[in-house]
Structure formats: C-alpha cells, structure tokens
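Colleague: Could you put together the complete structure from these sequences and hints?
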Amino acid sequence: MQQYASQIHRCFRCGYCKFPTDYSSFNCPSYRRFRFDSYSTGGRLWLIYAWLKGEVEWSEHLADILYACTTCKNCTEQCPMKFAGDIVDWIVGARSDMVEKGKIPPRVARFFEAVHGYGNPLKLLRSDRDAWADGTKRYEPGDEYLFYVGCLGSYDENAQKMSKSLAELLNKAGVSFGILGSEEECCGNEIYMLGEMGLFQVLAEKNTQQFKELGVKKIVTLSPHAYNVMRNNYSAAGANFQVYHYTQLLSDLIKKNKIKLSQNKAKVTYQDPCFLGRYNKIYDEPRQILQSIPGIELIEMERNRQDAFCCGGGSGNFVMDLLAGSEDSPGRVRVREAYETGADTLAVACPSCLTIFTDAVKTEDLDEKLTVKGISQIVMESLSSK
Amino acid sequence: MSDIHEDLARIVGKNWVSSQKEERYLYGRDPGLMPPHEPEYVVMPKTTEEVQEIVKLANREKVPVVPKGAGLSLTGLVIPQRGGILLDMKRMDKILEVNDKAGYVIVEGGTTHATLKSHLMKHYPHLRHSMPDSPPIATIVANAVIHGQGRLTQQHGFNSDMVSGLEVVLGTGELCRIGSCAVSQYWFSKGPPMPDLTGLFLGWFGTTGVITKLGMKLYPCKKIRDAMMFLTDRADLVPDIMRKLGRTEMMEDIVSSFAPLPLRLKGNFNILIIITGDSEEEVEFKRKMAWDTLWEYFESRDGGFLSVPPDMKPALLAMPSKDTTRFADTSKGGGFEYSGPITPIEKYPEFIAKLEELASKYKLFYASSARVIDGGHSMMFSFSYTFNRADPDSMVRVKTALDEAAEFALEQGGVIWKPNIDEQKMVMERMDPNTLKLMMKLKELLDPNGIMNPGNWEAK
Ligand SMILES: Cc1cc2nc3c(=O)[nH]c(=O)nc-3n(C[C@H](O)[C@H](O)[C@H](O)COP(=O)(O)OP(=O)(O)OC[C@H]3O[C@@H](n4cnc5c(N)ncnc54)[C@H](O)[C@@H]3O)c2cc1C
Ligand code: SF4
Ligand code: SF4
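Order-wise, the sequence lines are chains A and B. Numbering-wise (the numbering used here), the first sequence opens with residue 99 and increments by one. Numbering-wise (the numbering used here), the second sequence opens with residue 375 and increments by one.
Careful: at least some of the hints might be erroneous.
Here are some, though not all, of the chain A residues that point toward chain B, as calculated from beta-carbon distances under 7 angstroms [claimed, not checked]:
hint, residue
1, 108
2, 109
3, 110
4, 111
5, 114
6, 119
7, 120
8, 121
9, 122
10, 133
11, 134
12, 141
13, 145
14, 148
15, 178
16, 179
Not the full set, but computed from the structure, chain A residues with beta-carbon under 8 angstroms of chain B [said to hold, decoys possible]:
hint, residue
17, 112
18, 113
19, 116
20, 117
21, 144
22, 153
23, 154
24, 157
25, 158
26, 160
27, 163
28, 180
29, 330
30, 402
31, 404
Quick caveat, the hints were computed from the structure, so don't treat them as lab data. The C-beta atom is built at its ideal place from N, Cα and C for all residues, glycine as well.
Modeller: This is how it looks when you write it as structure tokens:
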C-alpha cells in the first residue's frame, strides 16, 4: 500500500472502470451517483496524484471525493491495466495518508471515534451487543464454530433478524457453535478501508488474541465484510483460523441434508455483496441455497456476479452514507433494478446491503412490492416441519 | 459564489454545476500532452433547452463554452484554452430512437459508444454501429465531431460519413436541425438531396455549436466474425496488400500494426483482417478471398498467414480493443499519445521509417496501427508513443516527436487528424487562403462572439 505514491500516476483515465462487462450502465457507484469525472476511479486517482504533487491542496471536497468510493472493486474487475488489482489499495493508501495528517471528512472522523470508543460505528452500548441473541449460547472452547455476528447484525433492527435466523438454523442443524456476545468487537473491515491503520491493527490484534485464547479454529461470519477482513487482512496479527461466510456453511448443510427445506413460493433476485463476490469470488453458494428451496424462482438482475452493482454501503457508507440523498444513490438505483426483474424478494447475504436496501425500498415507494431479506431469513421461512 | 455560477445552477440544478478546485483541475486537462488550462465552471446539462440557456448566458457574459465528451481525443481539444464553462455532455446520454427498418439510431449529445453497443446487443442484435477502439466511454457525437474511425470505416468511410442528421445549438443559442430531420420526422440523411450542412459542425471541435442530437446509420450485425492475420516483413508491400484486400469489398476491417513487442512478431507488419458472415459458407468464402488475394505474397515468400490461436481471437475481435488502451501502461507510465494523420495508403513505408526514426531519436517506445478507410482511399496512420506521467522529460520527448511527426505527415501530403491547437495552425498555414477565409467567415457567422471552444480553428 505504501507503494501507491510511486504507482498512482499509471492510471490513464480511460474510464473502463466506470462500466460493467457489457457496458450496459455505470457500475462505479460513486460515479453513478455524482457523475462528475472527479467521482470516477480515474478522476479520484488523478486527484490523489495531484494532491501528492501539490497541484491540488487538501480540502473537504477532496476528502469527500476520496471517501465516496465504496471500495466495491468494480474498477479492479474492469480496468484493463496490469495494476488493476492495486487500485483499491491505492485509494486506501491515500486515505491512510489523510488520516495520518488528520485531514478527513467529519463523518469519517465520527465513524472512527465511535468504533474506538464503543467498539461499533453506531455508538451503541457494548453491553447491548447481544440484546438480539435471546439465549444464543456463548462460545466455549471445543465448539466447532465461533459465530462472529458483527456490528450491524448485533445492533441494527433489520440485520438482527438475519443473525437470529442464522443462529436458529445452526441450532436446528446441530452445529456446535457459540457467539461472543458483549465481548465481541468490531471486525475492522471498514476501519481498514477508511485508512485508519492504527485502529485497524488494534482491532485485528485484539480480536485475534481473543479468538486464540478461546481456542477458536473456525469462524463463521454473518457479514461478508467481516469474512473479508478476517480472511485477508488478519494474518499480520497472527491469525491462523479458518473463516467461512454463513452462505458457505448453509449451502453445505443443505447439501448434507442437515437442513431440510419445504415449499416457499417466491420470485427472488439476489444481490452479490462486493466483499463476498468481487473480493472473495463467492458467487455460487448463495445461489445454490436459494435454488435448493422448492418454489423459489431465482431471477438474475442484469448486473450480477462480478458485474453486480454495489449497494453503496461499503467503506462505512452504511453508516456515513456519503452517497445518499438522490434518486441516483446506489441503493435506490439497485432496488429499482431488482424490482424491474419482476422479483418480489430481494435476497441479500450482507447486513449492510440489507440496511441500505431496506431504506431504499421505502424511499422508492417499493416496500409493498419488494421485500428485502437476508438469505438466512429466507431459509428459516422455508424450513420443513418434517 | 459568482453570479454565473448561480445562473448555471438555476439552469441545470445545483448538483450539476461545480466551480470547486477539484473539478476545475480535472476538467482542465486530458490524458494527452497538451498543457492544462482550467475552466471556471463545470456544468452537466441534461436537456437541449439547458444547453441553449447555457450558451445564451455565455453570450451575454462573453464567457467561453467548451463541450466535452470523454476527453479521450488526447490532443487537448477539450482543454478550455481560455477558461469559461466546460460542458460535460455525458448526462445527455439517451438513445432516443432506433429505426430498425431505415437502419439508423438517434442519440443525445453525450451518449457513449458503450451505451449504444450494449443497447443494440440487447434489443437489436442484428444491427451494429461503427465502434471505434477508443475506450467505450467515448461519446458518439464527439467521435463524429473529430471524424473518428471505427470497425466499419473500411467499408463505409469515416464515422462522420455515417451521420444521418443533427440537432445543434448554434453559438448564438439558436436551435437548428440538419439533414432530412429538418423537413421530416425521419433521420435518414444528413443532407442529400438538400445542401449538406453537417459540414458546418463536423470537424469543427465544438467551435460552431453544441450538437445535442445525432442520427447515425446502423448496419447489419452478421452472426459470425473471424480474425485472420497476415504477416510480412516488407513495409513496401503493405500498401498493395491493404489496397487489394480493400478492393475485395469483403473485409469488415483491415488494420496493419507494427511494434517492437511482442518479440516473436518483431520486424513484421501484422495485418489484421476481420471477416464476417451469416453462415460458415459466407465466412469461408471471404476467408478464401483473402487467401486468394494474398497468395502471390505467399508464393514469393514475402508473407504468409499466421494461424491465430483460438485464445488470441477474442482480443482481436473485441470491440473496443482493450489492448489499444493497455498500450498506455506498457512502460508503467500511464500515458501514450498518437498523431494520426489521414493519408494515402501508399505513404505507409515512409511513415513507418519516420515512426522508427523518431522513436530512436527520442528514445521512445512505439507502436503504430494503420486502419484502411473506405476501401482504401486513405488510411489513418498512428505514430503512437508511450510516456511516463511521473517523468516530465519523457513527456517532452513524446510531444516533440509528435510535433515532428505532424510536420512530416503534412510534408508527405497527409492531413493531421484531430489536430491540437498548434497542429491546427500548421494546417491552416498550408491551407488555400480562400478556403481559410471561408472557414473563418462561417465560424464568425455561427459564433459571432467567439465563445465556442476558443483557441481552436483560430486563424489569428
Ligand atoms: C486507446 C485509444 C484508442 C482510440 N481508438 C480510436 C479509434 O479506433 N477510432 C477513433 O476514431 N478514435 C480513437 N481514439 C480517439 C478518441 O478517443 C475517440 O475518437 C473518441 O471517440 C473521442 O470521443 P470523446 O468523447 O472522448 O471526445 P472528446 O475528446 O471529449 O471531444 C472531442 C471533440 O468534440 C467536441 N465535442 C464533444 N461533444 C460535443 C458536442 N456535443 N457538440 C459539439 N462538439 C462536441 C469537443 O469539444 C472536442 O473538440 C482512441 C483513443 C484512445 C485513448
Ligand atoms: S483505473 Fe484503470 S480503467 Fe480506470 S481510468 Fe485508470 S487506467 Fe482506466
Ligand atoms: S472501488 Fe468501486 S466505488 Fe471505488 S472507485 Fe472503484 S468502482 Fe468506484
């Protein structure tokens, strides 16, 4: 990441990164929202380079532009250049420079303060972290899985439904697992993406230490964000456990017939979360789960899998919402697209997508027509009584 | 906030105008090598009426207006030489009509090639347009404005030849329709049988008006496309080879490339031939035509067909070709620029010699591709050199080489394509004086206050 300053001039500003593979629409959420070239990947990289060269001074507007990137990695997928895989690292690198210099937008600063002070970006009490859990067992050494719930799954009213249904499903399937309850700490994915490397290190080390002390070998996460960061960014903190996203586990349990499903008639479309899809190439398991439910018709949105359009919630935007406030906000664009498929349900595998889309369907007046649900909720509703 | 900013915000809405440093910085430069100059305002209109209002405001305030598509012409044509209002046209991005029977499409002034390509693939898979190899964000109007060339140029001429009508906001703010659409609801002809007035706007780089709608001819999209590659190491044979292929009237596209990499092809001229057909028989027939046409070179051992491995074909057939863009990162410097004179095909050997001479003189990495235009009446020959954005010296060297290439092209009887403001002066200096006078009179008529992309096509 430190390399970004010596590499960032390589962006040609060709704009391939604005599109999905078939060029059907704009797929960089911040460019789609604001439409000035400054909010596209290339514009952002050129402005960072200008800032490094001293041709543009820091301003709140510059920082807003930098932080309006949801780190969705569409650009990485589409950029034709050899450095494509590094683009998001460059953006994160520039953010971390801004953080070090104390020059960040107020909303980002508040996000850091909340995580630092409360262990979650919502500024809610640590002691309430397991208010949703309703008797769900605490992790004990010897349990096969640690169910890492994450901040939204713990505190957000809608996301809690995802957590509850997952805990119930795991219990029904006889999986040995436990949660950390009020001992759970923010995973740090957003902190990393927002460039607060000091705080990220503290979180990664604290979590790793705690997992080690408890003898955790396998972790299953509700959120793709936590899955991503624990799988890909915790190694420096000495992490040596296996991490699964819950859709991987559920798909496996269904295949092994440990979860039996019955008829659930619905037309469902599915949102690939960036941190599951583009970051970790998990595209099939969530679909396999949905397709294994009798009665469910899975209809794809035009932009799917590696071309999925980000909900706009990445990089802390599920809280900060730097892309909100317009019919061009990614969440609103995406629920319209979901509705146009003819689906009655928008299935999500990520609590950030859930919160963003739940708001978006209301704003778009689609809440009567399109229900947003976590895959764990859909599976729970489809359980066979036999 | 200035009055002009507020007026612009009233016209387009406050979210679609910026006079902040970041936007001014970015819209004050393109990926090429011309020196930057910032606009005072960046505006994104959505409708023709908004464009009219902006141009009227600019006339009142005597402020320049510079229309911009994707800014990928690379020669600084969208750099606001005198500041003013930069019109980012890309919010005017609709496809207004596809007339399947008459074979044309009407698009707005900022619709991208990407949008049209994906729209046709989805809704009219039997139709296509002439896609250039520029990155897909390039706009259809701007490409026609600079007389671009695309995948159908070999068969049908410059992309601007395929224009079938315009709607233009003149430099005065008046609205004008050009072509059959001026008298009919159909956009099938850009002029004939009336005077062809598109010439007042195409090639003018936005100095005579802002095009808000454009009709573009569509062509059959054959079911099968295939790529053939003919190699020769003799530059002197390339003109004949390209001409003979063009005269078969059967090839979709003919492009001769020359570059020092990949090493296995070094020293060779790689002539890419794209053929299409609705059946295997049709494709096979065209394949045979290409073979028969070039058989003599095979017999004389001057060239031969390279068997193109299947995994290479998608890249060769891709529209646009991502490889063309990738060239910018060959030396990990993020930049390339090309001078692309339009010239008779017979000049190919001289141009190749110059390409290499300049590369060695200025220590540059180079490539060239020459696309046959309109069956062989001319070609676009690119002198392409990479530079490193972090190395100002490399940028100066490329710029100097390209200046020399432009001078050379003119000496050889070529005409510079999408010339930068300095090259425009070189062209105008050589131009028949009465032609130049006519150009200037027309410009003054259409833009009496000289507010439209000033600095371009300026004789004084
Ligand atoms: C890698 C690469 C490959 C390329 N390959 C090709 C190719 O194969 N064929 C080809 O033709 N070109 C090619 N180009 C050149 C160029 O990118 C294209 O011609 C492109 O279509 C230009 O469109 P743009 O939107 O970027 O134009 P811009 O640079 O934005 O504008 C070009 C001119 O049009 C004017 N203009 C823009 N919009 C309007 C309007 N609405 N009304 C009036 N004037 C307007 C501008 O003021 C400017 O003078 C290539 C470029 C690159 C970088
Ligand atoms: S990031 Fe890649 S695709 Fe995007 S503008 Fe830069 S070079 Fe082009
Ligand atoms: S990561 Fe996503 S939001 Fe950020 S620049 Fe790339 S495409 Fe745009």
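Colleague: None of the hints should be skipped; say for each whether it holds.
Modeller: How the hints compare with the structure:
1. 108: For residue 108(A), the interface hint holds, since the closest Cβ of chain B sits about 4 angstroms away, which is under 7 angstroms.
2. 109: Hint holds; residue 109(A) Cβ to chain B Cβ min 6 angstroms, cut 7 angstroms.
3. 110: holds, 4 angstroms
4. 111: holds, 5 angstroms
5. 114: Holds, about 6 angstroms.
6. 119: Status violated, d = 10 angstroms.
7. 120: With a closest approach of 5 angstroms, the residue 120(A) hint holds.
8. 121: Hint on residue 121(A): holds, closest Cβ of chain B at ~4 angstroms, below 7 angstroms.
9. 122: Nearest chain B Cβ about 4 angstroms off; hint holds.
10. 133: holds, 6 angstroms
11. 134: Holds. Min distance 5 angstroms.
12. 141: Result: holds, 5 angstroms to nearest chain B Cβ.
13. 145: holds, 6 angstroms
14. 148: holds, 6 angstroms
15. 178: holds, 4 angstroms
16. 179: Since chain B brings a Cβ to about 4 angstroms from residue 179(A), closer than 7 angstroms, the hint holds.
17. 112: Result: holds, 4 angstroms to nearest chain B Cβ.
18. 113: Hint holds; residue 113(A) Cβ to chain B Cβ min 4 angstroms, cut 8 angstroms.
19. 116: It holds, given that the least Cβ distance between residue 116(A) and chain B is near 6 angstroms, below 8 angstroms.
20. 117: holds, 6 angstroms
21. 144: Where the cut-off is 8 angstroms and the nearest Cβ of chain B is about 6 angstroms from residue 144(A), the hint holds.
22. 153: Because about 7 angstroms separates residue 153(A) from the closest Cβ in chain B, which is inside the 8 angstroms limit, the hint holds.
23. 154: holds, 5 angstroms
24. 157: holds, 7 angstroms
25. 158: Given a least distance of 10 angstroms, the restraint on residue 158(A) is violated.
26. 160: holds, 6 angstroms
27. 163: With a minimum Cβ separation of about 6 angstroms from chain B (threshold 8 angstroms), the hint on residue 163(A) holds.
28. 180: holds, 6 angstroms
29. 330: Hint violated; residue 330(A) Cβ to chain B Cβ min 25 angstroms, cut 8 angstroms.
30. 402: This hint is violated: residue 402(A) lies away from chain B, its Cβ roughly 15 angstroms from the closest one there, beyond 8 angstroms.
31. 404: violated, 16 angstroms
The structure does not agree with the numbered hints 6, 25, 29, 30, 31 stated previously, though it agrees with the rest.
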